[in-house]
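S.K.: Sequence:
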Amino acid sequence: MADAPADPLALYNAKRNFTKTAEPAGTLAPGHGNSFMVQKHDATRLHWDFRLEIDGVLKSWAVTRGPSLDPAEKRLAVRTEDHPLSYATFEGTIPAGEYGGGTVMLWDRGTWSPIKGKSAKDLDKGHLHFVLDGERMKGEWLLIRLKGRPKEKRENWLLRKIDDAEAGGTDTLVEEALTSISTGRTMAEIADGKSSPARSSRVDRPRRSKIVPGAQSTSNWGPRTKRVVEGGQPKAARSRKTTTPQFREPQLCTLVDTVPTGTAWLHEIKYDGYRALIAFAHVKAKVHTRSGLDWTDKFPAIAKAAATLPGTALIDGEIVSFKDGKPDFSTLKNAIADNGAMTMFAFDLIEQDGEDLADLPLTTRKDRLRALIGDGTDELRYSEHVVGSGEKLFDQMCAEGMEGIVSKRADSPYRGGRSKAWLKAKCIQRQEFVIVGWQPSTKGRGFASLLLATHDDGEWTYRGKVGTGFDAATLDEVGAKLKPLARKTATVKAPKAMVRGAHWVSPDLVAEVAYAEITPDGILRHASFVGLRTDKPATEVVTETPAAPPADPKLPKISSADRLIFPDSDVTKGDLAAYYAAVAPVMLPWAGDRPVSLVRCPQGRARACFFQKHDAGSFGDMVHQVPIREKDGSTENYLYVDDAAGLVACVQMGSIEFHGWGAANAALEKPDRMVFDLDPDEGLDFADTKKAAEHLKEQLAELGLVSFPLLSGGKGVHVVVPLTPQAEWPAVKDFASRFAQALAQAEPDRFVATMAKAKRKGRIFIDWLRNQRGSTAIMPYSARARAGAPVSAPVSWTELRDTDTAARFTVRDAKTLIDRAGSRALQGWGIANQTLPDL
1 MADAPADPLA LYNAKRNFTK TAEPAGTLAP GHGNSFMVQK HDATRLHWDF RLEIDGVLKS
61 WAVTRGPSLD PAEKRLAVRT EDHPLSYATF EGTIPAGEYG GGTVMLWDRG TWSPIKGKSA
121 KDLDKGHLHF VLDGERMKGE WLLIRLKGRP KEKRENWLLR KIDDAEAGGT DTLVEEALTS
181 ISTGRTMAEI ADGKSSPARS SRVDRPRRSK IVPGAQSTSN WGPRTKRVVE GGQPKAARSR
241 KTTTPQFREP QLCTLVDTVP TGTAWLHEIK YDGYRALIAF AHVKAKVHTR SGLDWTDKFP
301 AIAKAAATLP GTALIDGEIV SFKDGKPDFS TLKNAIADNG AMTMFAFDLI EQDGEDLADL
361 PLTTRKDRLR ALIGDGTDEL RYSEHVVGSG EKLFDQMCAE GMEGIVSKRA DSPYRGGRSK
421 AWLKAKCIQR QEFVIVGWQP STKGRGFASL LLATHDDGEW TYRGKVGTGF DAATLDEVGA
481 KLKPLARKTA TVKAPKAMVR GAHWVSPDLV AEVAYAEITP DGILRHASFV GLRTDKPATE
541 VVTETPAAPP ADPKLPKISS ADRLIFPDSD VTKGDLAAYY AAVAPVMLPW AGDRPVSLVR
601 CPQGRARACF FQKHDAGSFG DMVHQVPIRE KDGSTENYLY VDDAAGLVAC VQMGSIEFHG
661 WGAANAALEK PDRMVFDLDP DEGLDFADTK KAAEHLKEQL AELGLVSFPL LSGGKGVHVV
721 VPLTPQAEWP AVKDFASRFA QALAQAEPDR FVATMAKAKR KGRIFIDWLR NQRGSTAIMP
781 YSARARAGAP VSAPVSWTEL RDTDTAARFT VRDAKTLIDR AGSRALQGWG IANQTLPDL
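Using the UniProt record's numbering, you'd call the opening residue of the sequence shown number 1 and step up by one each time.
Treat the hints as calculated values from the structure; they're not laboratory data.
Note that the coordinates shown come from a computational prediction; the quantities given were computed from them, not determined experimentally.
Where is the CB? At the ideal position from N, CA and C, for every residue including glycine.
Simulated pairs of lysine to any residue, SDA-like, Cα-Cα distance not exceeding 20 Å:
| # | residue 1 | residue 2 |
| --- | --- | --- |
| 1 | 670 | 637 |
| 2 | 74 | 154 |
| 3 | 20 | 96 |
Pair ranges (Cβ atoms, derived):
| # | residue 1 | residue 2 | range |
| --- | --- | --- | --- |
| 4 | 519 | 101 | 48 to 54 Å |
| 5 | 636 | 101 | 56 to 62 Å |
| 6 | 415 | 540 | 42 to 48 Å |
Given these sequences and hints, build the entire structure.
M.R.: Shown next as structure tokens:
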């Protein structure tokens with residue numbers, strides 16, 4: 001760093017009157033040396049003050065739009081005066097008229113370090129590449145100073161996220177992290193001087209795992225249970241016992257080629273070890289193999305650790321031993337023989353204190369397991385997971401040499417035997433490639449890597465390189481075979497940066513290569529050489545792509561599949577059924593296992609359509625009924641679906657739209673979301689609706705509530721507020737009503753909270769009436785019975801600003817919608833652990 005001024009805090013002190021502001025006076029004091037923190041600051045303009053501890057002070061930047069997890073997003077960061085270390089705990093209000101007057105929230109904190117080979121002194125060079133480990137900001141980041149303009153007083157920098165496992169959506173952090181990490185207060189509560197939040201629980205999504213990347217929270221709107229419901233309430237749990245639980249057949253995984261996408265799935269590391277079930281009670285524990293053998297004597301330390309846990313339980317998990325920081329099966333076998341170090345990663349809780357938990361959703365079982373194990377020990381640890389982002393985790397595990405990942409339906413019960421609710425994807429894939437060149441080694445022997453290609457459609461296509469998997473003998477063998485094939489020109493077109501310094505050969509040698517995946521532009525990732533192949537001509541080596549999956553025999557057959565349901569778009573009944581079958585994995589977390597009302601149009605959308613919510617069994621076995629008590633005391637069977645077959649069966653019966661309750665079958669009296677449907681007057685355009693949705697988001701944020709936009713597929717936007725299902729319908733209805741009416745009273749020329757069409761002229765109706773028992777709202781990914789065959793679709797707030805219609809997506813966009821569901825833009829959409837605040 002450059003020579004520091006005699007008093008690096010002189011400017012800080014000069015700007016403030018400490019008789020008027022509660023900010024700490026600037027005095028130098030010893031610190032930790034590597035802390036960082038961020039303060040959300042609502043001054044003249046809302047910004048986020050990013051501060052790094054360097055040389056005994058907090059080096060500071062004002063990030064005007066807040067930090068972004070999107071590596072493509074560069075945020076302006078204006079350098080400000082150094083702050084004292086004591087500022088790291090400041091939260092409160094700076095008086096109006098004083099420097100920086102406004103509300104300050106302690107928004108994030110943690111530690112930072114420069115990446116290997118770099119140091120804090122790089123700031124003087126105009127850049128800093130560093131790693132953060134905070135409660136919200138994690139992973140690699142980069143600060144870059146912009147070239148100054150003449151007479152420019154400000155020092156402008158750019159703050160950017162590096163593309164790693166912690167990368168995410170553009171505005172995920174600033175739009176969903178609404179409360180102080182110190183006091184749990186919102187900006188409004190801090191400004192009002194409240195000492196504690198008005199909410200009964202923190203609003204933020206849980207902190208990301210230190211073991212694997214990605215959010216650990218589960219959608220309160222998504223996960224479901226199939227427990228029988230009578231009169232809207234779950235059946236009572238079975239009578240409790242205190243005896244040691246008996247062994248039961250473990251649930252097994254089905255091998256798949258691709259990781260499932262969407263928030264319906266949670267993903268765990270696939271450990272290379274022994275599957276085991278542990279049963280314990282009364283400070284005694286027994287370890288069972290997957291086949292039921294008693295192997296307690298082979299794992300005494302693990303049994304001892306389990307025996308210290310309270311109560312009784314049956315736990316499922318994997319026992320591993322580590323080599324070079326990774327689970328290694330050979331090391332585990334040696335550890336068993338020599339009584340070496342072993343760890344069990346527990347990933348499921350099947351029974352606890354006499355209660356059979358098998359019918360509960362997986363997420364519920366894992367929450368109880370986490371609470372039971374706590375921080376764990378070296379011998380027994382909780383197996384972390386991520387929700388969504390499975391492909392990202394898979395890539396990371398493959399890059400780190402792990403075996404793969406296990407993907408599980410977040411709502412699935414525990415069932416013995418092999419199941420498609422649990423899937424496993426292994427990292428390593430294999431294929432033949434043709435060697436078309438090589439790059440020399442800097443070590444003076446052989447080659448550093450081989451350049452690979454495939455012969456597709458009569459042309460050679462570059463597929464990347466392989467630089468690992470060679471021993472000395474292989475280097476000599478392959479090198480000898482390459483010499484007579486040397487040529488001066490390349491047979492493939494490849495990016496110059498990838499093949500700089502290459503030596504080209506005729507495409508004759510075929511190599512078998514293991515790899516993790518092929519990137520969208522056709523390049524191998526994490527390739528490893530397996531060996532040469534002589535049983536296949538080079539010209540027959542083509543790119544191998546998985547075949548399309550066969551039609552699901554469990555899906556119902558569609559009659560009159562050629563009937564036009566949307567005549568203006570040439571969309572048939574068969575097309576609509578195919579759409580729902582395709583999007584089922586991303587739609588069911590929101591629409592499944594909750595009462596639904598269907599919009600049925602048996603002759604197509606242009607003919608008579610009607611709502612249907614009750615069923616006497618005419619839809620067949622694939623559509624289910626949940627008995628619900630009505631206001632008059634009678635009980636009616638309401639429709640619900642829980643799989644793709646159910647969705648398609650509804651289409652067979654002429655259904656187009658799916659509208660769902662705001663509560664799941666498992667807790668019908670406790671809503672898991674609120675919906676505010678913004679319905680604009682005919683004279684308004686979509687830009688007005690978007691601005692209104694943004695306004696609702698901001699007002700909800702002031703109350704500490706995270707919200708998400710849903711394109712209705714019609715003309716409006718739904719502002720969706722996930723809820724932890726605690727409050728009952730009357731409380732949720734009351735909150736929604738008062739919130740909507742308060743907005744209408746504050747801006748009567750813009751909003752109306754009553755249904756009467758006569759009062760909507762030139763205004764937007766905030767439809768809060770969907771937040772009462774028995775009312776429904778359109779489900780994400782549902783088709784709409786409107787011209788163009790549009791569908792409702794989740795979008796991020798960032799995307800909404802660039803969207804010009806609520807009917808942006810149609811039933812023709814199934815693949816796009818599925819891909820989007822697992823994208824960074826929608827990472828965590830609809831997920832927030834939050835309860836109703838006081839209003």
